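Engineer: Each of the two chains sits in its own frame; use the hints to bring them together as a complex.
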Amino acid sequence: MRLSLDISPEHPAEHDLTRFHAGDLEKEKRDAIQAHLSTCDHCAEFIRHLDSFRQEFASSHYRQGFLALVRKEAQGDFQEAKSWWQKVFGPSRRVFLASSVATLLILAVVVFMNRNPKDNSSSIRMKGSEISLSYLVMENSRPVLAKPNRILHPRDRIQFRLSAPRGGYVHIVGVDEAGAVTVYFPLPGMEPEIYPGGSGRPVPGSVILDDTLGKERVFVLLCEKPIGRTQLEHKILGAAKDPRTWISRKSLPMNCKQTSIVLQKELP
Amino acid sequence: MTKENQISLEELYDRFSHLVYRRCLVLLGNQADAEDALQEVFVKACRALESFKGESSPMTWLYRISTNHCLNIIRSNKRRSIRHQRQAFSGDLPRSVSSEKMEIATMVREVLPKFDEKTQRMAVCYFVDGMGQEEIAAQEGLSVPTVRKRLKLFVQKANKVLEGRSKK
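Heads up: the protein sequence lines correspond to chains A and B, in order.
No gaps in the numbering here: position 50 of the first sequence is 50 in my numbering, and each next residue is one more.
No gaps in the numbering here: position 154 of the second sequence is 1154 in my numbering, and each next residue is one more.
Simulated from the structure, these hints should not be mistaken for lab results.
Note that the structure is predicted; figures quoted are calculated from it, not measured.
Mixed in with the good hints there might be a few duds.
To be verified - To be clear about the criterion: a stretch of chain A counts as covered by chain B if any three or more of its residues have a C-beta under 8 angstroms from a C-beta of chain B, and this derived list gives those stretches:
| hint | stretch |
| --- | --- |
| 1 | 3 to 11 |
| 2 | 22 to 33 |
| 3 | 57 to 68 |
| 4 | 200 to 211 |
| 5 | 248 to 255 |
Stated by the list, open to error - Taking lysine to any residue pairs in the SDA-like style, the calculated list, with each CA pair at most 25 angstroms apart, reads:
| hint | chain 1 | residue 1 | chain 2 | residue 2 |
| --- | --- | --- | --- | --- |
| 6 | A | LYS257 | A | GLY179 |
| 7 | A | LYS215 | B | ALA1032 |
| 8 | A | LYS29 | B | THR1060 |
| 9 | A | LYS72 | B | ARG1064 |
| 10 | B | LYS1118 | B | VAL1155 |
Quick reminder that beta carbons are idealized off the backbone N, C-alpha and C, glycines included.
Only chain B is shown next, with the shape it has when bound in the complex (with noise of 0.2 angstroms):
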């Protein structure tokens, strides 16, 4: 990216800044975690904004260090307490995030420690954001049916996991 076409942080702020705290809001469940998460994930951007060339698109490569820095805190979060996890959202929900979404986004964070760090990558992507699996072949340097064949294994061993946690 030329120093022209550089993105500036006020231009991440101003076309991304709320599509980062629904995501976080939607990944870790709370409005309070979701402002943190938000400034954590600013300041990140603005460190590496003069190393950002463009590969990728603003909103992908911001959504990336989210994607980051939500696992970071929701294996934190594992480590301290399962009860966390399981935290109903309480507060207002944006109209565009549906409660099946919320409730989807809930199961995923509450079995993602149980895999391994791309995993959960491809995981939140596909359930949280709804991305597509070639977009997320892309992303991760796999093929499609790699990638179709991870989220598949994902499924099952979720279910299974939340089925007997339903159970008890």
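So that you can see chain A by itself, here it is in the shape it has in the complex (with noise of 0.2 angstroms):
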């Protein structure tokens, strides 16, 4: 298949037959479209596609859940930047960007003169600075790292390992289909544990798999505080009324370094 300029003249163009279906049409085009509709299947076909993929999709969202998520990342995210900016830098915009530039320099000759640094196991830096979060399955009694899409199966023993290119706090919690909140680490009675940072460290502690099956979502959040359990469940619970809607995130509303890795469980 080829890339081609060409489309058909017989039909309106679908961003129109689009914003028809969403009413954000003039009343010129809509006429003319409301028209073409009558005499078209093939077009009305695609208005109706349209019509009921509204309703799967208000069927499968909880509309309260994210505007309130939505209404308070952009309000968090704004009071933490105008505060910060205005302690900073004050309101002038050339200031801003003046100090922005000698920040920068700054910055530049730091990492210049750190080029080539001492050998010190506490400030060991990984390239790249994004975490990762992988697991190692017992098989026949040996780890093996799963492969990414590895269909689990329940019982089966696993262990999560983090590459992260600082310390920090680590947590790790999973959400599955049915909405239940699973945190896998710290462990129930354990202390919260700094992560002292490297890559592939396994994580203490293995869980075994539990008959649940479907998708979970298993979040790993790298954090300069520890969270409590209590809290951490009550944050996923709280964000959204639905937990099941974190199935499909990639990130928990939390002011942290994460990222997540879904868990698929099938019976054997």
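Structural biologist: Shown next, in the form of structure tokens:
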């Protein structure tokens, strides 16, 4: 198949049909499309499909939770940016730009001076700045690194591995399709622990998977301060009324470095 | 736009959220990224809602935010791995998105990072949204012949790149 600029002249542009469906068209175009729809099954079907997709979307998305989360995130970031801006640079844009350039120059000098860092285990830096989560699966009593999209089974024993350029307090929490929240780390009764940073470092303790089948999104959060188990569960349950929505999200509304993976559990 | 007819976040959600999600799905090629993008687009829209003056329609405005957001993701994915670009869509596709449409979107996504930002936006509007050249010209502040010329160049270069990849 090749890309082509050719478009069928018989039908209105798809974008106009979409705008018609959303009630976003000016009267003249709306009337023209209305007239076209009465004679064209192809375009009428497209509109019907959009209408049914709207219904499917509405039934699978929790409107109130979504909007609350959006407002919270939008407001939180704005307040944070505003206070930082006002505290450090004041209201002048020029001052801000000049200060930014100066800060960047200082940073560049610092980075240049630290090109060959001393061998000091407490200041290990990894290439890249992202954190990543993987896991080992016990196979015949041997830990094997799971490939992406691996299918897991109930009673499988797994151990998480974390790669992160810097240390911090690690929290691992999962939400399954039934909306059940599981805190995998810290383990019950365990004190929050500082993860020292490093590549593919196993997180202490292993997990035996329960009988729940389907998808589970597992989030890992690397934070400057420890978060209690209850607070962690509460954050997830409180952020969206239906915790199942988190299956499709990649991050939680928390100010920590984070990433997530999806575990897929099926019967053997 | 006056205060009386200023659009609310709720109205944006009710009228357009499914369309923004569908568009992100087509552009990014998977449901998890599309869900995240939907959330991010609405967070950005929420922040900019007060400054939205109604120069364009709400849907055009929201689409522009989602285009920029999705293009950023595509560019960052390109930096991470080319495999992500070629990833076939897995999951339920809305019936309003034909498999042919999805194939075109996948091809466009694969070659997008080879073009400048303006051409990227134009290609998305034309091939993914099915927008007319006149509308793209108005949106980008260019003449229709310029838009046509740039899209023609896009098609030529894109087909060359895609042919080269399929031979490998």
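Engineer: Work down the list of hints and note, for each, if the structure agrees.
Structural biologist: Hint check results:
no.	hint	in the structure
1	3 to 11	holds (count 4)
2	22 to 33	holds (count 3)
3	57 to 68	holds (count 6)
4	200 to 211	violated (count 0)
5	248 to 255	holds (count 4)
6	A:LYS257 x A:GLY179	23 angstroms, holds
7	A:LYS215 x B:ALA1032	12 angstroms, holds
8	A:LYS29 x B:THR1060	15 angstroms, holds
9	A:LYS72 x B:ARG1064	23 angstroms, holds
10	B:LYS1118 x B:VAL1155	15 angstroms, holds
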